[in-house]
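Enquirer: Start from chain A and add chain B according to the hints.
These protein sequence lines map, in sequence, to chains A and B.
All residue numbers for the first sequence refer to the numbering used here, where the first residue is 1 and numbers rise by one.
All residue numbers for the second sequence refer to the numbering used here, where the first residue is 1 and numbers rise by one.
If you are wondering where the hints come from, they were derived from the structure by calculation, not from laboratory data.
All of these numbers come straight from a predicted model, not from anything done at the bench.
The C-beta atom is built at its ideal place from N, Cα and C for all residues, glycine as well.
Where hints are given, some of them may not hold.
[As the list claims (entries may be wrong)] Reference listing, derived: stretches of chain A covered by chain B, where coverage requires no fewer than 3 residues with Cβ under 8 Å from a Cβ of chain B:
no. : region
1   : 29-41
2   : 45-54
3   : 204-212
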Amino acid sequence: MAFSKEKLKIVRTTTWSAGPGCHGGCGVLAYIGDGKLVKIEGDPDHPWNQGRLCARCLAITQYVYHPDRLTHPLKRVGQRGEGKWQKISWDEAFDLIEEKLGKIREKFGPESVVFAMGTGRDIGPWICLLAYAYGSPNVMFALSGLACYSPRIAAVETVQGDYCVLDAAQWLPQRYNDPKYKIPECIIIWGYNIPASCPDNVFGHWIIDLMKKGTKIIAIDPRLSWFASRAEKWLRLQPGTDGALAMGFLNVIINEGLYDRDFVQKWTNATHLVRSGTGKLLRESELVKGGSPANFVVWDTKRSHPVVWDSQNVKYKLPDVKPAFEGKFNVSLADGTTVSAKTVWTVFCEEINRYPVKRVSEITWVPEKDIVEAARLYAKSKPASIHWGVPIDMTPAITPTVQAIAALWCITGNLDVPGGNVISRYAFDAVAYALPGAKGVIRLDSEEADKKRIGADRYGPLNKFIWRAHTDLALEQIFTEKPYPIKGIWIQSCNPVAGIGLDPEKWVKAIKKLDFVVAVDLFMTPTTQLADVVLPAASFLEKDSLRNWWIPLQSINKAISVGECKPDIEINFELAKRFDPTLRWNNIYELFDEVIKPSGMTFKELQEKGWAFPPEGHPSAPYHRFERGLLRPDRKPGFQTPSGKIELYSSLREEWGLEPIAHYEEPPFTPISQPELCQKYPLILSTGRRSPVYFHSEHRNIPWLREIEPDPVIEIHPDTAKSLHIGDGEWVWVENWLGRCKLKAKVTPVVPRWMAMATHGWWFPEKPGQEPSLFGVWESNVNQLIPMGFQGKDGLGAPIKHLLCRLYKVNGREG
Amino acid sequence: MLKRNGYGLLIDYEYCTGCYACQVACAQEYQWPEGMGGIKVIEVVQSLPNDKAYLAYLPFPTELCTLCSSRAKRGLEPACVKHCMASCMKYGKIEELAQEIGQKPRMVLWAPR
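Isolated chain A, as found in the complex:
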């Protein structure tokens, strides 16, 4: 792992925030001299990034040794927000937290403390470790509608049981050179901007590697992104209409016969029958007395009779069945009645046919010709892949949208094939904590305690895939105290006042209402200012940890120490032991060993290797796993869904009382849904334009990064700017019915005339931290214009990419 060269020691490790601000995965070499980090470089031997490294990671020396870095635990001595602190020792900090949280648990129960996390750091498992040891089920990802990634994962798993991502050969140590791999002929880049981000745990620039090898791009983006400007087809859609566009693609592909009928027939529930009257799946329990409600029914064309699909055994109950693919049939039920039923494929196509290209063009504002040509290009390219970004999550109808997009890769036969969308499982199926698709080593053992999880009683996906508290309901509950009061909050890698929180003023009021607030971070932020105790966390260079998301399995290896900073895992482990003396691990390494046990390695052995790929034939290694029986625990071919098939008609959605088939829903704040508001706020406001030098609300204090993008900007089309008398570089107020913020106009044709695109996560570390300033967070935080509480029917998604606003010059004519 470590060796000497020119007096500098080199530590080989894996990135993950805190530090670069990302979801990690890059191999790096940390150059250490006299115990200090001198320089960081990309590891040329690492198959993930192959020596490359991003701007944020290359600025890491300025980050870890920043003069404002928190290096000691702090205790509040003034009023909340007054910015008066006293240094305390770790022992004092742990004692104080144990006492305060202990009293809350005693008096109000463990569920009355919420454990809030953000993104881009390895704290997911460790915050669960602490919360569950304390006894609280309320681990909360602090974004409205949990609208980042987990909704997409949950929605894809609703359809096909396992998640999947763009195949850039990341599963294979030889990468593009592996003979098993095929270069995608075409990739749909759906709402994703390259220079800035690596979503889906895919290194964004892999797509550039593929483009150089001949991959064509279809870009779907209202903004002229880097991809859009190089795309074979660019579809400039109205933000939030992605679901309609996907339905339009399906319409073209199905009606032009460009789908893989054999695949659909064999691997999806296309042939299962749906009752015409109820619109629900016909079940064995309706067909025969004593039949199982978990089994479904097909129409056998050979016997002219219904036959039962045994979901548990993933096969028909009779031999040699020829199920009808399309059509309507009369079925006699156990109660003596006869009902008419259609196949799922027929019902699915009826829904698809509600989206002729003309209608889709009217909804999305994309010309009909472009929709048709893009659909054909995708369907005719073999293999083809879809890579999407967070805008898919950031709409209330996220699940029906994902059902449509997932249907695209399924019916074109691009699922788990080389160069397609490949099933992504945690390397070696080593899972640390409860995530979609896996329950992990760290879990809340008491089902009784989990019943108190906020939102679990209301939203289906929260009891099947996402083991978190519901953010919007939790925030409300702080004020209503119903059904039980929230008294404390533990905030780790999370900045709801400046970054992840919508309606940040509400978050400030909520945090101030609580009896006890702990924040764990690397720097003071507008959020830590409101805490009672602030604990200094370590960067990725200052800790031993793990990364298994998705592949390879990697160790994070400690290279340096800074002040008294502690890794999140060590902070949480110490407190977890105090709150749960029966905790079964004696130290963090025993916990790591248990997490990676399925790999057959100990943590120490993994550290020696650096990274490890699961072998061919392992369920976490590609390809064609549904055919080889590698996805299901019983090792039968098929999928981990209730029917064992890809569910074009979702039995889970049916169970949750929601529309079972893909469709489009108009988002809540568009010119169509809000014609009156649109009169006053005529521009579409989209937020969250990514920057290559910032990760959400981080890095504004890093000089090498800040000089590249010094101000919070809003992109405005030249014609729109002209009509509003706004010049390039002028400060403008961005305003809607909820509030306003001040951003700097970047006048550019990359945005359409009808939309402005704002950057997010802005606060000013150089401004006073105490209230009312809170590092100037009220000046430019665009989340002041976005409401909480507009999650989708299944609790997921939030309208973050499509609001309405008006713009006017600061110090100009007001309105």
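Expert: Positioned in the frame of chain A, the structure of chain B alone reads:
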């Protein structure tokens, strides 16, 4: 004319994504204070007919660029080239790079020193 060292940087700006890795890699290598650096990324947005545009980025070597001569002596690529996320920068002898420049469009060859 090429007597100093005859080395240059070949940039394939079709693939430069504007990730700024080169700029910060240089800052780290030489610990440049804010505002200084050996390479700067320029953004060019060219409007085209039919409401389209071409969004391009181009790394530009400044007066402070030494082509990482100290790294070159150790057999290493310049810091910017090594870290380029899009692998669109190449360091080499100008004569050799000049052979490559005609092989595809949207290329530029810098000879900063």
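Enquirer: Run every hint past the structure and note whether it holds.
Expert: Each hint, compared with the structure:
no.	hint	result
1	29-41	holds (count 3)
2	45-54	holds (count 4)
3	204-212	holds (count 6)
Comparing the model with each earlier hint shows no violations; every hint is respected.
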